[in-house]
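**Student:** The listed protein sequences derive, respectively, from chains A and B. Numbering-wise (the numbering used here), the first sequence opens with residue 1 and increments by one. Numbering-wise (the numbering used here), the second sequence opens with residue 1 and increments by one.
Please note: incorrect hints may appear among the correct ones.
Computed, partial: chain A to chain B, Cβ under 10 Å [said to hold, decoys possible]: (1) S28; (2) P51; (3) I53; (4) V55; (5) Y56; (6) T58; (7) Q60; (8) T63; (9) L73; (10) G75; (11) A78; (12) L256; (13) A261; (14) S268; (15) Q269; (16) A271.
Source of the hints: derived by calculation from the structure; they are not laboratory data. Even for Gly, the Cβ is constructed at its ideal location relative to N, Cα and C.
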Amino acid sequence: MQAYEELGSDVHHPPVPAPVSAPVRALSRHSLRGLDGFNFFIANIQTGFGPFIAVYLTAQAWTQVDIGFVLTLSGIVALACQVPAGILVDAATHKRTIAAIAAAAIAVSALMLAAWPILPLVLGAEILHGVASCLMTPAIAAISLGLVASHEIGERLGRNARYASAGNGIAAVLMGACGRLFSNRAVFVLTALLAVPALIALFHIRSREIDPVRARGGQPGTQPHQSLLHGIADNRGLLVFGAGMILFSLANTPMLPLVGAIMTMRSSQWATVLIAACIVVPQIFVAILSPWVGRRSESWGRRPLLILGFAALPIRGVLYALIASPYLLVVVQILDGISAAVLGVMVPLIVADVTRGTGRYNAALGTVGAAAAIGAAVSTTLAGYVNDRLGSTVAFLGLAGVALLGVILMLLFMPETRPAEH
Amino acid sequence: MRPVRHAIVITMAVFAGWLVVVDSGSDNMPRAQTAVVAPAPAPATPPPATAPAPVGTPTAVLAKDKAQAILGKPVTSTKDEAMGRIVDVIVDKAGTTRAAIIDFGGFLGVGSRQIAVDWAALHFSPTGQPERITLDLTRDQLKSAPQYEKGKPVVVLEGSGHTQPLAEGEYPLDH
């Protein structure tokens, strides 16, 4: 929040043209603060989408069939657009412009949802949001890579994760309150309004400080390979990591909804607060831990941290299966925070490591995003089925088993990817 | 670029502000998807005030305070606790309404459960307040009820808090 206040005070001054001989460090500081703020507000904006759409459309007298259709469609868009969006971001010279268009598109889709929740507009809004989100993740990662030197990237990604999770956590509370005090529609109006500070923060990033070659993981002076998927399909480190991400999201995605349903069953008075805590607690831990993860990734290397993040997930699944008290379940969510802090930094960082010199960084990041999206899409249905048939204990143990496979895969096959010069 | 940016930002802000003003409790706007028909006067008696109907198709008019749409409407307990929203209605083969499916609990869409509650336990505008729907159950009774699932026997939570599966052959035709 501090960074935002500084930004806010800047905003009221008319823009002063920077002197040509301005010190580079001061400019970078300006850009880096802008990136902090952009991460924060984009995370704010994204909180309103997701499961809350179902709540909103239910209140608008939508049938469950139509809601299911909309959610399925947005899942397909989110999956299908990852790789093309990455290729597009790689090819684009102006990464900041892409981030700005994506942010504006998400705001427009929120306004469409708020203004007129009828089927064609809601479908349009969800498609727009899905495509824009697929552009946003690689655009932010590319801007980060392009701004800082390669040995600083771990720390920078740690900061990104810190501000994004602070944004998520604060927005969850804010939007929950907004839905209760005003209306569900007001949540989407608030979402759209948050695009204003996001864009202001974005335009504090100096576009010329983003090195376009470094932003796509390219090598100065060389042209990227002709084939669009060069350095992806034949990249062992990337493929092992992608497979690990499928297993991780397969096990991770259904856990929070299942825990939420258990909260609703076990606590009548405090369920809402407890579920909110389950959402916010991990975000707090991500905000605390991720800069540390970023720094340690340079000194310890990526592998020990990655295994820590993967290993927290099976432990979490087993604890969910064993613990009955809804209050203790909130404490277990700290493990979610550890996993999320590690992966929030490691996904863009490891992909940067394994694609260094190929110029295909964002396409590769999209591939890993698609892998995670496949895992998420399959698992919600699968875990729901197991939960209905065999109960939540079996469902959690099954998810813990899948997560354990991910840990074993990482232990056996994932190489250390930290560049050798360190 | 800068003036353009400012123009975009201001336009968005103005539009969003307009939406807030326009939005006056629209969550509760009645929709004509599932209408609860209050014990109505004899059907097919068109009141004189209505426009002439197409020849051969009699119409009935339900006064605004006599009937309401219920899909998506919030339900409260008699103690005024929030009990969720009605998302579906279960009828048997005779067309009699047997249960309402209520989307109960959760936060921002996480952790809600769908529960079938006895139709007889629901009261529409019980205190004369239009649009108010109450349920003769408490959150405590609702929380542990079995979840409603499509394609499975509907287990209905009765007004007393007991559950009662609908008998064989009574399931709605579309499930």
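**Student:** None of the hints should be skipped; say for each whether it holds.
**Tutor:** Here is what the structure says about each hint:
{"no.": "1", "hint": "S28", "result": "violated (21 Å)"}
{"no.": "2", "hint": "P51", "result": "holds (3 Å)"}
{"no.": "3", "hint": "I53", "result": "holds (7 Å)"}
{"no.": "4", "hint": "V55", "result": "holds (5 Å)"}
{"no.": "5", "hint": "Y56", "result": "holds (8 Å)"}
{"no.": "6", "hint": "T58", "result": "holds (5 Å)"}
{"no.": "7", "hint": "Q60", "result": "holds (6 Å)"}
{"no.": "8", "hint": "T63", "result": "holds (7 Å)"}
{"no.": "9", "hint": "L73", "result": "violated (17 Å)"}
{"no.": "10", "hint": "G75", "result": "violated (14 Å)"}
{"no.": "11", "hint": "A78", "result": "violated (16 Å)"}
{"no.": "12", "hint": "L256", "result": "holds (6 Å)"}
{"no.": "13", "hint": "A261", "result": "holds (5 Å)"}
{"no.": "14", "hint": "S268", "result": "holds (4 Å)"}
{"no.": "15", "hint": "Q269", "result": "holds (7 Å)"}
{"no.": "16", "hint": "A271", "result": "holds (5 Å)"}
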